[in-house]
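**Q** For the protein sequence lines, the chains are A and B, in the order given. Per the numbering used here, residue 1 is the first one in the first sequence, and the count goes up by one each step. Per the numbering used here, residue 227 is the first one in the second sequence, and the count goes up by one each step.
Don't take each hint at face value.
[Unchecked claim] Subject to a maximum C-alpha distance of 30 Å in a straight line, what follows is the list of computed BS3-like cross-link-like pairs (lysine-lysine):
(1) K159/A / K112/A
(2) K167/A / K60/A
(3) K341/B / K159/A
(4) K375/B / K610/B
(5) K610/B / K522/B
(6) K372/B / K552/B
(7) K167/A / K375/B
(8) K261/B / K375/B
(9) K167/A / K552/B
Think of the hints as simulated: they come from the structure by calculation, not from any bench.
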Amino acid sequence: MEPLLVYPFPVAADLSQALERAGYRYIGVTDEVDAERKEPDDGWGGAIIMADRSPEEAYKLAVALRKRDYPLEPLLMVLRSEQLNTLELNRDLFDDFVVSPLNHRELEVRLKHQYWRLGRGTRPELVEYGDLVLNLETYQAAIARRPLDLTYMEYELLKFLAQHPGKVFTREALLNRVWGYEYYGGARTVDVHVRRLRAKLGEEYANLIQTVRSVGYRFGQSRWSG
Amino acid sequence: MMAMMRQQQYVLRTVEERAVRLIRLWFTDVNGQLKSFAITPAELETAFAEGMHFDGSSINGFSRVQESDVLARPDASTFELLPFGPEAEHSARMFCDIETVEGTPFAGDPRYVLKRNLARARQLGFTFMVAPEMEFFYFAEGDPTKPLKPLDSGSYFDLTLADVASDLRRRTIGMLEAMSIPVEYSFHEDSPSQHEIDLRYTDALEMADTVMTFRLLVREIALERGVYATFMPKPLAGVQGSGMHTHMSLFQGDTNVFHDAETGGLAEPARQFIAGLLFHAREICAVTNQLVNSYKRLAPGSEAPPYVTWAHNNRSALIRVPVTKKDKPSSTRIEYRAPDPACNPYLAFSVILAAGLRGITEGYELPEEAVANLFELTPAQRAKAGIVPLPVNLSEALDEMERSELVHDALGDHIFEWFLRNKRAEFAEYRAQVTPYELSRYLPSW
Chain A
1 MEPLLVYPFP
11 VAADLSQALE
21 RAGYRYIGVT
31 DEVDAERKEP
41 DDGWGGAIIM
51 ADRSPEEAYK
61 LAVALRKRDY
71 PLEPLLMVLR
81 SEQLNTLELN
91 RDLFDDFVVS
101 PLNHRELEVR
111 LKHQYWRLGR
121 GTRPELVEYG
131 DLVLNLETYQ
141 AAIARRPLDL
151 TYMEYELLKF
161 LAQHPGKVFT
171 REALLNRVWG
181 YEYYGGARTV
191 DVHVRRLRAK
201 LGEEYANLIQ
211 TVRSVGYRFG
221 QSRWSG
Chain B
227 MMAMMRQQQY
237 VLRTVEERAV
247 RLIRLWFTDV
257 NGQLKSFAIT
267 PAELETAFAE
277 GMHFDGSSIN
287 GFSRVQESDV
297 LARPDASTFE
307 LLPFGPEAEH
317 SARMFCDIET
327 VEGTPFAGDP
337 RYVLKRNLAR
347 ARQLGFTFMV
357 APEMEFFYFA
367 EGDPTKPLKP
377 LDSGSYFDLT
387 LADVASDLRR
397 RTIGMLEAMS
407 IPVEYSFHED
417 SPSQHEIDLR
427 YTDALEMADT
437 VMTFRLLVRE
447 IALERGVYAT
457 FMPKPLAGVQ
467 GSGMHTHMSL
477 FQGDTNVFHD
487 AETGGLAEPA
497 RQFIAGLLFH
507 AREICAVTNQ
517 LVNSYKRLAP
527 GSEAPPYVTW
537 AHNNRSALIR
547 VPVTKKDKPS
557 STRIEYRAPD
567 PACNPYLAFS
577 VILAAGLRGI
587 TEGYELPEEA
597 VANLFELTPA
607 QRAKAGIVPL
617 PVNLSEALDE
627 MERSELVHDA
637 LGDHIFEWFL
647 RNKRAEFAEY
657 RAQVTPYELS
667 RYLPSW
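Pulled out of the complex, with its shape left as it was, chain B reads as follows (with noise of 0.2 Å):
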């Protein structure tokens, strides 16, 4: 209570000194949607005594039957100084807690969600860390209408002077490390205008909030300068899409439970965390893989993982265990490569999170560790060999996830059954659609 208010008087003094304008207090909807409203420094101490009341049902996922005035609280310890728009220097954000009227948690809220998920971890002794690697692409305009424009056709680590998109990419890291965000590596990825930023671990929460502020800091920076940045997984066919690759540990204090200190492998628990994730790995595939789109970027023929199995530096896997320094236990981890970056990640976090405890306290066994190029293989020897995929679409995923006790029980009654629901009529709006694929394909011949 006492380090509360400690930080927000910090808050409300900086904000003071540093002659800040707009405080934006940012959510997050269901679907992963930033949301942000701005308040003025004098309803700031107000925002923090008693939160501030808004109608909740024009939220995704938010509104109720019987009540939508929900309160957002600022979080005081989220407070940072905007380096980028408009009012540069004079605009300021905290992310919000979403609570009830009764000042009670709201079962609606991603970062609620999240919030529980990770005490659960902490009961279990463990704090969850995670680094994602982030893609996207840049293209000259954002118009859906028109055919997409990539910036250059550069490839995987091109560097040429005409790269627009390197300026853009440095400035953004700029914003990045500004806004308490270190990088620990940019690139240009394979596709045309396709780049990488890969995040710092920290726990799960903070990074939560961090690709949220990473997302909207790329697209507003692109859009600075008339470019316009997608986090959408599959803009383009014929090449790679854009993942979120997950890294993550599990500590215990200081230790990294993942590590084993004798062999500098995997330790027990990391194997049984792997076991839970692709154990869980179709039910949870709604959630780390949200959009219609997303299925594009899984099917087979690129490097997206479609096949639940995991190995050492196997690419083509699901699960894949970096090599890592044998002096360095704190670097030993998994990457889970399945989540695209158009993923609510509160609720990617809590899906994965759970899906691995899971393995831990339940003791599951790891699966043999799939050696092969998977993609060579026969169907039959990949059912020979145990090898599901993962769902082909999002309608799959969801009948998946309806199935799951692990995910209704991470997520909680009030986001599972919306995020159904809503998923549902997309996949349904989506079927309803006729494409021009099958005009093309279809029209000539019949």
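The shape of chain A in the complex, shown without the other chains (with noise of 0.2 Å):
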């Protein structure tokens, strides 16, 4: 998984206490630009917002992340409980909400229960759909338990997939995004990766890259047409 965004910068003990000991890895930022700057290369692998210092950057900043084209989540507010008062109006603004001080466990539960939910699994190195499993610490795939043999790229490219489900992306942003570097192939190199996965998925699994007419790929089912 990829690491979380941590507001604010520097990161209180009890938040960094608890995140590594649940195994997470994330990302101190100081505002919206700070967070464009440091985020990684596959995006946020989801953000908590301590709101109970400064809340009206923290609110700021969850709603510029929310705003974009593909919405952060899961979003995760952490308050003191007089504010809980301001909850209603803010709803749409994260996806779960922690009251410090932080019980470490709570905090654990509700992201876990977060990933659930997006259905991205429930352990931080593990991304999972159905009956695939990438390990992201081993670079290691498999699929209904089979280790699937993939090169560098299929593996990235398996990987961005599996990480946004349900969302349509072109050849162009496929490039952009997983290959980001100039390539001899060009944006078919993207169809040579998408064919070899299918291959290397099997007959049963091939259809879990969907190809969308005239746009590009999607990856499982849409949220949509479920």
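Need the complex rebuilt from these two chains, each delivered in its own frame; the hints are there to steer you.
**A** Next up, the structure:
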């Protein structure tokens, strides 16, 4: 899993302890600009925003993260209990909240629940979708417990798609986000790799990667076409 | 740089996780033979960081006068577990780029030559996509002193239970897919024991790597079953030889520039590309058809194209424009039918691309399409129609190549000169032979 965005920076000691204990990587940011600058190539794995100390800036950041083309999720807010009455108005700004002072176990369970809800699995080093599992620490992939022998770019493409299920990406977008550097094959390279991935996934799972006519590709089921 | 580090990290980790014992480092000599040496996982990090030193003087076309040491630098993006061989699941391969000890690209490395030509295409905004049809024969054994024994007498699209070879082919395709080489079609060709496997298009660099992998894999899997597979262009007299018809197109981003959206046919760049290939076909022939034996396949009377012509769907033409579905612009392409599967794919794709691009940059005009069956025309009719033949033998092809500024430029001094020298020697050796044919033809009467 990609690192979590954590606000504010420097990260509060109790939060960093909780995240480290649960095995999540994270990067502290000072504001929206900083968040963009520090964003990993594959995007943020989620966000935890502490609104208990400077609520205004915290909400501003949350708004910016949710207004993106692909709203950042999951987004957890950390609040003081007296802030709870302001929650109603800002409901679509976050997926869940935790009340400070932090209870480590509670934070961990709520994060897990969010990842489960998004179909992203509950172990931070794994990307899971149905029978597909990618281990981000060991770079290994398996489908229905059968290990997949993938080249680096096949692995990276599958990882990216599996991390963004249901979203449609154009070939250019995939080339930019997955390859990210100039490559001899150009945009058709994406087709070549999708074809190989399908062949390696095997007939039963080949349709995990769907062709969206005259647009590009989508992984898994769309939330809307379910 | 970052991307490269991550790819190397991926390889190191996968080697560890999958308990890979040997990593084979592959590269190609100027003749197009695959060369390999193996390293252990312990050496892998050094190989990435510093490259592996080796003596290039033992490699065909690598030796230089001053010094012979070169560096092999594994390309992590080509890392692939090998699904065959005695240590199945425990060995992997990577293709290497060859560098001089000073760390500059080595001019005798065919992979570098192709990269250089592709970079030129990219400067014009093009990526070069290719899909070859690989033909080959299975024989009961590979001993050149004995008559060749085909595995079957099957013909085109033949399907019989006794077809041992089709089982071999199926296994081969399974292995190819496992090595990221998807197959378009496969079928029994019309000569005894001849087979064809059509590969799905990729960019030319990947495809050249793929052709190298393909040839090894087909031969290895045949050997496992005690059968000999060969890519020799014309192993049997009197039946079709093996070609490597190559389908190709140029893309700009997502767009196939060979496709004319209005007519559904060929766009101007495609017509110019064909014109370039036709104009330079005789010059590049020594590279696309590099063996003495290659020219036996090209002799008139078989399906191979002996004349420099193009046509829609006329299979006797050198360049064919296949019919494509109107709603599939990405499949508009041309098919170059001269190459044979014993070519060096890096060099062959290089000179084909150079010839086609020359047509585009110089705005060559496309001659008229050949409509008649060229084999039925008399030499006089062909001359009148301006139809020239391909070189009739390797010697003539080398003469054409030697005069070609285009081939010289595409291959670079080092390979251009070595290739000519080496192939001249090959032809001289052939010429000095007295063949069984000559004895049976001349001895009784003279």
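**Q** Taking the hints in turn, state whether each one holds.
**A** Hints versus structure:
1. K159/A / K112/A: With Cα atoms ~19 Å apart, K159/A and K112/A stay inside 30 Å; holds.
2. K167/A / K60/A: Holds, because 26 Å separates the two Cα atoms, which is no more than 30 Å.
3. K341/B / K159/A: holds, 28 Å
4. K375/B / K610/B: violated, 44 Å
5. K610/B / K522/B: The hint holds at about 26 Å.
6. K372/B / K552/B: violated, 51 Å
7. K167/A / K375/B: violated, 56 Å
8. K261/B / K375/B: Distance of about 29 Å is within 30 Å: holds.
9. K167/A / K552/B: Answer holds: K167/A to K552/B is near 29 Å, not above 30 Å.
In summary, the numbered hints that this structure violates are 4, 6, 7.
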